[in-house]
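I would like the entire structure built from these sequences, with the hints used as guidance.
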Amino acid sequence: MRLLVIEDHEALREGLCQFLREAGYLVDSESGGDEGLWAAQGSEYDLVLLDLMLPGIDGLSILRRLRAQGNPIHILVISARDGLDDRLEALDAGADDYLVKPFPLSEALARVRAMLRRSFGKKSPVIREGDLEVDPMRRSVSRAGRPIELTALEYRLLEYLAYRTGEVVSRTEIWEHVFEDGSGGSSNAVDVYVSYLRKKLNYEGARELIHTRRGQGYILQADKS
Amino acid sequence: MSAPSIRRSLLIRCGLGISLLLCLLSASIYLLVEKSLYGELDDSIQQTAAILSNQVELENDSITYEWQEGLGTNQSLVEGALFQFWNDGNGSTTRSPALKWRDLPKFSGVDGAPLLRNIVLSDGHHARAVGLRVYPFLLEDEAEAMRKRGTLVDPKSLPQTLVVARDVEPSHRALERLRWILIGGSILTLGLGYLLIERAIKASLKPIHQLSDQVQDRAEHQLDQTLAIPEDLPAELTGLASNFNLLLSRVAIIRQREKDFIRHAAHELRTPIAGLRATTDLALSQKRDADAYAAHLAACQKSAMELGELVKRLSALARIGQPASPAVLEAFDTTPLLRECWQPFATRAETLGIPTTEPTSQPLPVMADPALLRIILNNLFDNAVSYTSDRGRIMIRSLRENGTVMISVTNSVDDPPDDLDRLFEPLFRRESSRHDATSHLGIGLTLSLEAARAMGTTIRATQLDGEICFTLTLQEGPGRNRSSS
Numbered sequence: 001m002r003l004l005v006i007e008d009h010e011a012l013r014e015g016l017c018q019f020l021r022e023a024g025y026l027v028d029s030e031s032g033g034d035e036g037l038w039a040a041q042g043s044e045y046d047l048v049l050l051d052l053m054l055p056g057i058d059g060l061s062i063l064r065r066l067r068a069q070g071n072p073i074h075i076l077v078i079s080a081r082d083g084l085d086d087r088l089e090a091l092d093a094g095a096d097d098y099l100v101k102p103f104p105l106s107e108a109l110a111r112v113r114a115m116l117r118r119s120f121g122k123k124s125p126v127i128r129e130g131d132l133e134v135d136p137m138r139r140s141v142s143r144a145g146r147p148i149e150l151t152a153l154e155y156r157l158l159e160y161l162a163y164r165t166g167e168v169v170s171r172t173e174i175w176e177h178v179f180e181d182g183s184g185g186s187s188n189a190v191d192v193y194v195s196y197l198r199k200k201l202n203y204e205g206a207r208e209l210i211h212t213r214r215g216q217g218y219i220l221q222a223d224k225s
Numbered sequence: 001m002s003a004p005s006i007r008r009s010l011l012i013r014c015g016l017g018i019s020l021l022l023c024l025l026s027a028s029i030y031l032l033v034e035k036s037l038y039g040e041l042d043d044s045i046q047q048t049a050a051i052l053s054n055q056v057e058l059e060n061d062s063i064t065y066e067w068q069e070g071l072g073t074n075q076s077l078v079e080g081a082l083f084q085f086w087n088d089g090n091g092s093t094t095r096s097p098a099l100k101w102r103d104l105p106k107f108s109g110v111d112g113a114p115l116l117r118n119i120v121l122s123d124g125h126h127a128r129a130v131g132l133r134v135y136p137f138l139l140e141d142e143a144e145a146m147r148k149r150g151t152l153v154d155p156k157s158l159p160q161t162l163v164v165a166r167d168v169e170p171s172h173r174a175l176e177r178l179r180w181i182l183i184g185g186s187i188l189t190l191g192l193g194y195l196l197i198e199r200a201i202k203a204s205l206k207p208i209h210q211l212s213d214q215v216q217d218r219a220e221h222q223l224d225q226t227l228a229i230p231e232d233l234p235a236e237l238t239g240l241a242s243n244f245n246l247l248l249s250r251v252a253i254i255r256q257r258e259k260d261f262i263r264h265a266a267h268e269l270r271t272p273i274a275g276l277r278a279t280t281d282l283a284l285s286q287k288r289d290a291d292a293y294a295a296h297l298a299a300c301q302k303s304a305m306e307l308g309e310l311v312k313r314l315s316a317l318a319r320i321g322q323p324a325s326p327a328v329l330e331a332f333d334t335t336p337l338l339r340e341c342w343q344p345f346a347t348r349a350e351t352l353g354i355p356t357t358e359p360t361s362q363p364l365p366v367m368a369d370p371a372l373l374r375i376i377l378n379n380l381f382d383n384a385v386s387y388t389s390d391r392g393r394i395m396i397r398s399l400r401e402n403g404t405v406m407i408s409v410t411n412s413v414d415d416p417p418d419d420l421d422r423l424f425e426p427l428f429r430r431e432s433s434r435h436d437a438t439s440h441l442g443i444g445l446t447l448s449l450e451a452a453r454a455m456g457t458t459i460r461a462t463q464l465d466g467e468i469c470f471t472l473t474l475q476e477g478p479g480r481n482r483s484s485s
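Chains G and W supply the protein sequences, listed in that same order.
Number 225 in UniProt numbering belongs to position 225 of the first sequence; there are no gaps in the numbering.
Number 281 in UniProt numbering belongs to position 281 of the second sequence; there are no gaps in the numbering.
Since the hints were made in silico from the structure, they are not lab data.
Heads up, a few of these hints could be off.
To be verified - Computed spacing ranges between beta-carbons, pair by pair:
1. G:Glu44 <-> W:Asp414: 26 to 36 Å
2. G:Arg171 <-> W:Gln286: 27 to 37 Å
3. W:Asp289 <-> G:Glu44: 50 to 60 Å
4. G:Arg118 <-> W:Gln286: 49 to 59 Å
5. W:Gln222 <-> G:Arg118: 52 to 62 Å
Source: prediction; values computed, not measured.
Glycine included, each C-beta is placed from N, C-alpha and C at the ideal position.
Shown next, in the form of structure tokens:
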């Protein structure tokens, strides 16, 4: 999952970004409104954490412009404005959630997870597909009750495929949402990591969970017809 | 000690006024009636006294009272009349038949002049009486006879005191009744008058009570809301109520200012606190090595310093314009202050490669508060250096004009805001093209504007050709006239 943090206060921005990175997310950040808007207009982000009072274009204007453009990206507003009017204005402008500063980072993380679940239509905090269980909160994976050890990149890849269970996910999408910028991966890095994942998920007698759609991408599905 | 109320004061004054008026009126009525009743009576008594005083004759060396001799002719005069003569020479007295054995009080005016007086008869009846001194008359024949006898007596040596009275018991009783009627009527009128006046005062003071109730019934959150002034409010109270509302509106402005300040302060404090919290949350979220903790501590220290600076500025903003610390305008040359304030920013501008036009070196006397002027200059210079666009410039100019000194700070900007007034709003930050602009708190210009207002002046922002100019207008101080610089 790739997140964008738009916040002008350096300590908060850096702290929030690092906390989210340590939670397993890919995080980019911007300190100004104009740069933030430009970045958010890209399609690679799953969620944006947006401050309202920014140098340049303010947060509300960014919200309104993104929604006016039909951008469906999920936006969590983080603001020092705690008035009811402020919250209503932001939510009515298109924000998906509102968090008043100061806040515990753990709450921000919980809200990010909840918003990601909502954005992929998941209700349960644990994603289940067949005998596979992915727990984004604990960042743990098990299959048929057996825990599976994954690297950070492998986990991000599996989590992204699990959130999009039943959908064909293109290699480009996987590259944008799972791989870090400048990771220096080759063009077949996605295929390589999918193969690593398959090996770790499979056990003797187990059915294949990650299927290849030639020329389209990959799909995670337990009962493939 | 409580001051007397308007109601009580009006009641007392009106009551005293009415009482005085009633007393005067009653006394006048009584005296008029008394005069009317006793006027004719007094004339009659005096007439009788005049007749009787001519009926004392000196005859055969003794006094003869003719009314006693000629009862037939004086029948009508004597019958029923009350009078008495005293011979002041030998102390003898003679009474009218109606007096029988009773005496009248003996009196007369000064030197025997007639004197009217109210007396009480021995039977207890009230009477009106006149007392006077009379002398017997002497007929020419009797005088001749006395000369012949060689015993000429001077009538003046035989003074008589005559008192004539008339029973006025019915009139006295009528007057007494009139007196009680007037007293009772006055008391009743006074009581009713008090009652009516009290009602009238109460009705007149009702609007005051209504206004008072409005004030009293205010809840805490309504303390600065203006009073609803009724259309029928008396003209005397309209001014008071309007002025009270004016006062309330000033209170409202001050309260709103306080609320805004608290809101802005809370907003401003939340972000660095959030940064501090994020840093500590992050540091404690897992075990880290010493270098990582040191980095987090450094971040915390930076946030703490930022908070300290913010609190300092918020305190300054809170203090400005408060009655406890009013601006003190004094005459001084602002040039040294301009150059002193500019010095550190000049170094920053040079480091950033921003060309600058330095402040004037000529004397520039102004009337201002040096401490407040320092706040304004520091903020304007800081903003200019922080927000000047790449390849931009900064110009600091001063100009004397019509008794004022205008200090302007101009810098190039990439994208000037559409609404320049917003620059003075708390928390508003200009778009920055330089990294250090992001550390600005967004209250510098608000602080500067408040400082200018505290000195009775203002700051205005204008823009032209990609440049933004802040101009502070100050009152010119006493000093030599110099050209602009």
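Cross-check of the supplied hints:
| no. | hint | verdict |
| --- | --- | --- |
| 1 | G:Glu44 <-> W:Asp414: 26 to 36 Å | 28 Å, holds |
| 2 | G:Arg171 <-> W:Gln286: 27 to 37 Å | 33 Å, holds |
| 3 | W:Asp289 <-> G:Glu44: 50 to 60 Å | 32 Å, violated |
| 4 | G:Arg118 <-> W:Gln286: 49 to 59 Å | 27 Å, violated |
| 5 | W:Gln222 <-> G:Arg118: 52 to 62 Å | 43 Å, violated |
Violated hints, listed in ascending order, are 3, 4, 5; each of the other numbered hints is respected by the structure.
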